[in-house]
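Those protein sequences? They're chains A and B, same order as listed. The first sequence lines up with residues 2 to 421 when you count with the working numbering. The second sequence lines up with residues 2 to 340 when you count with the working numbering.
FYI, nobody ran anything at the bench for these hints, they're computed from the structure. Please note that a few of the clues may not be correct.
[Claimed, not checked] Covered stretches of chain B, as calculated for chain A (at least 3 residues, CB under 8 Å):
id	segment
1	63-75
2	143-152
3	224-235
Positions of the beta carbon are idealized from the N, C-alpha and C atoms, including for glycine.
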Amino acid sequence: MLQQIEGSAAVAQAVATCRPQVIAAYPITPQTHIVEGLGDMVRRGEVGNCEFLNVESEFGAMSVCIGSSAAGARTYTATSSQGMLFMMEAVYNASGMGLPIVMTVGNRAIGPPINIWNDWSDSMAARDAAWIQLFVENNQQAADVHVQAFRLAEAVSLPVMVCMDGFILTHAYTRVDVPEQADVDRFLPAFEPRQVLDPAAPITMGAMVGPEAFAEVRFLAHYKQLEALDLIPAHAAEFGQIFGRDSGGLLKSFAAEDKDTVVVTMGSVVGTLKSVLAEMRADGNSIGLLSIRSYRPFPKQQLCDALAGAKRVVVFEKSLAVGMGGILAADVRMALANLSIPVYSVIGGLGGRPITSVNLRRMLDKGVADELEEPHFHDLDVDVVHRELERLRDIQRPGPSAESILRDVAGAHGATGKSA
Amino acid sequence: MSRTPDSQQRVKFYQTGTFTVGNRLLDDAQRTVQASVERANSLDSGHRACQGCGEALGARYVVDAALRAADDKLVAANATGCLEVFTTPYPESAWRLPWIHSLFGNAPAVGAGIAAGLRARGIDDVRVLAQGGDGGTTDIGMGCLSGMFDRNDDVFYVCYNNQAYMNTGVQRSSQTPPAARTATTTVAGSEPGNELGTGKSVPLIAMAHGIPYVATASVHDLHDLELKVARAMEFHGARYLEVFVPCPLGWGSKPADTIKVARLATQSGMFPLFEAEYGEITATTKIRTRSPVDEYLKLQRRFAHVFQPGNEHQLEALRQVAERNIRRFDLVADTEDSA
Chain A
2 MLQQIEGSAA
12 VAQAVATCRP
22 QVIAAYPITP
32 QTHIVEGLGD
42 MVRRGEVGNC
52 EFLNVESEFG
62 AMSVCIGSSA
72 AGARTYTATS
82 SQGMLFMMEA
92 VYNASGMGLP
102 IVMTVGNRAI
112 GPPINIWNDW
122 SDSMAARDAA
132 WIQLFVENNQ
142 QAADVHVQAF
152 RLAEAVSLPV
162 MVCMDGFILT
172 HAYTRVDVPE
182 QADVDRFLPA
192 FEPRQVLDPA
202 APITMGAMVG
212 PEAFAEVRFL
222 AHYKQLEALD
232 LIPAHAAEFG
242 QIFGRDSGGL
252 LKSFAAEDKD
262 TVVVTMGSVV
272 GTLKSVLAEM
282 RADGNSIGLL
292 SIRSYRPFPK
302 QQLCDALAGA
312 KRVVVFEKSL
322 AVGMGGILAA
332 DVRMALANLS
342 IPVYSVIGGL
352 GGRPITSVNL
362 RRMLDKGVAD
372 ELEEPHFHDL
382 DVDVVHRELE
392 RLRDIQRPGP
402 SAESILRDVA
412 GAHGATGKSA
Chain B
2 MSRTPDSQQR
12 VKFYQTGTFT
22 VGNRLLDDAQ
32 RTVQASVERA
42 NSLDSGHRAC
52 QGCGEALGAR
62 YVVDAALRAA
72 DDKLVAANAT
82 GCLEVFTTPY
92 PESAWRLPWI
102 HSLFGNAPAV
112 GAGIAAGLRA
122 RGIDDVRVLA
132 QGGDGGTTDI
142 GMGCLSGMFD
152 RNDDVFYVCY
162 NNQAYMNTGV
172 QRSSQTPPAA
182 RTATTTVAGS
192 EPGNELGTGK
202 SVPLIAMAHG
212 IPYVATASVH
222 DLHDLELKVA
232 RAMEFHGARY
242 LEVFVPCPLG
252 WGSKPADTIK
262 VARLATQSGM
272 FPLFEAEYGE
282 ITATTKIRTR
292 SPVDEYLKLQ
302 RRFAHVFQPG
312 NEHQLEALRQ
322 VAERNIRRFD
332 LVADTEDSA
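One chain only, chain A, in its complex shape (with noise of 0.2 Å):
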């Protein structure tokens, strides 16, 4: 039903249809309107037979989540940043269990300096952490991708997050055609798991392996996520079908053909990025835009058939491996090594900073001239960074950069100043 919702409550909603078993509950900014919603629909009877437990912490919650998962029942939780960070043992465990737990992550920084808005380090950090992760664009998808994250992750039998940006979907009221219970009944058959801990049928989950099976039971777990390849598109055409719209699916082009500048993001910059892009076409670039909604499993050798013809590239991300530069620029570089393509790395809307038409065409300008830096730091303020790197090199032990670059932006003098 169409509704101007909402993310948080959408996603909310979706989860409900597909008829969850065991909600955790744990409160981490900008997560929470979703269990929020949940737990209040749990308790007004709307999804059934569901336990919902508001537990103590976030490594409590995916706990949870591993033991209910592992009972046999439908089980959902979302988290956030720091919480993300808090559970990563408990994430860790999910996937080499194999359990096919459903996780919001509702994209945070991670601090510090302690920071509650949007970019994407929280899902870098699980990056390889065997869980699937699919991206969404906007609250629409964030709606129907939760549908089928249940479908795949039961299919393959590995936990599944869907990463929406923080506060910029989560808290954003938009029109969501909220998928129907009929609907979400006729994709999403009820969950039969492989193995579950039954007194009828006593097996032992999560014993200890030693060398002699340990990298088999990787390589089983990277071949699962490889299947998982053909079945995300698979379930997205499928979705289509029922429901009439495209949501899921591996990447997605929004003019990338034949092209000679394509700009590869995940998330809801594309929204920003399809029309700073129509208005540089139409200003007579060859510019085209790409999508990767499936970042684990990293669609390699799709992503390389859709950038073949490319003169160059441009990867647009919210993430930083400091020390290193763009984390996605160095997956797509890894998937397009057999060809001889430029990739500028641009990193972003780190902590909530506004990612705008305006500066992403004054990047993209320099995009298509070939006059990006390696890596490009999008919407820098150089002139703080500068201000206080001249401090560092007058200073031995200079102590935490952040408090002096507050201190240098809030322009209350000081900053500058060699008695620091």
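Model the placement of chain B on the given structure of chain A, informed by the hints.
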């Protein structure tokens, strides 16, 4: 067979001069059976526990008693630790019940998740046991444990307390007694062994949550252990049992002395046995013949240094632990005049 509340009538043990418990003097129904075709043997032979392992013995009796109480419909969540490692070296498993190991510090939450999952699936006759050592329970698992207690999740949690991190090579835990030597509280410097004035009582912390049932038990009294497990299984909601399990390797005691060491811990007042319901103590096991603390300590190399000149204050501190327990839990039988 599930025990009815009638069976909660406390059994009085008859002890002989050699401290053996008079199993044969009990009713058939109340005897502890070591070997029987009817016994679940849920922790099967062939596991890799050390000789004289108190935890293996305790776990075997706990799980079997819980299985009996649950009519064999029991699922177990296990914390990382000795019990996990010595029972499940892939591809072998010593467990004959559905069993899951997840992480070191999350067994209470995994148990809570299993209970929630079963409830959501409409399965109301399968019970949940969660278990771990003292490190996994009272240190790294404390947050999850307290959360499980707070929510009153339908989980019976059993902590096998051997007073240090044995699986990683005997490091100090919050359950390590004063002055005890571990690999991280070595016998070095002016205050050898574990610092005095540290540690915590998790049974008392559990009671502060007001959960239905809390108890302590020890492997030297398996009747009592089984009765407490059976009692715990009569309740729904969060329940906590702490079992005293000597570790010959970590404590420097003889494997053959495990039961003796455990008995002396109770008889000296070092490990009080009690039960509590909804935050109130309902029963304590009285000490009939009080043993000197020194006798308990002398069987363990981890305390050898407290008998060295210059460490008298450490020995005194350990004696005071027993004194305090005896006062606090009123452990000495009325018929006997203590100190």
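Checking each numbered hint in turn, tell me which of them this model violates, lowest number first.
3
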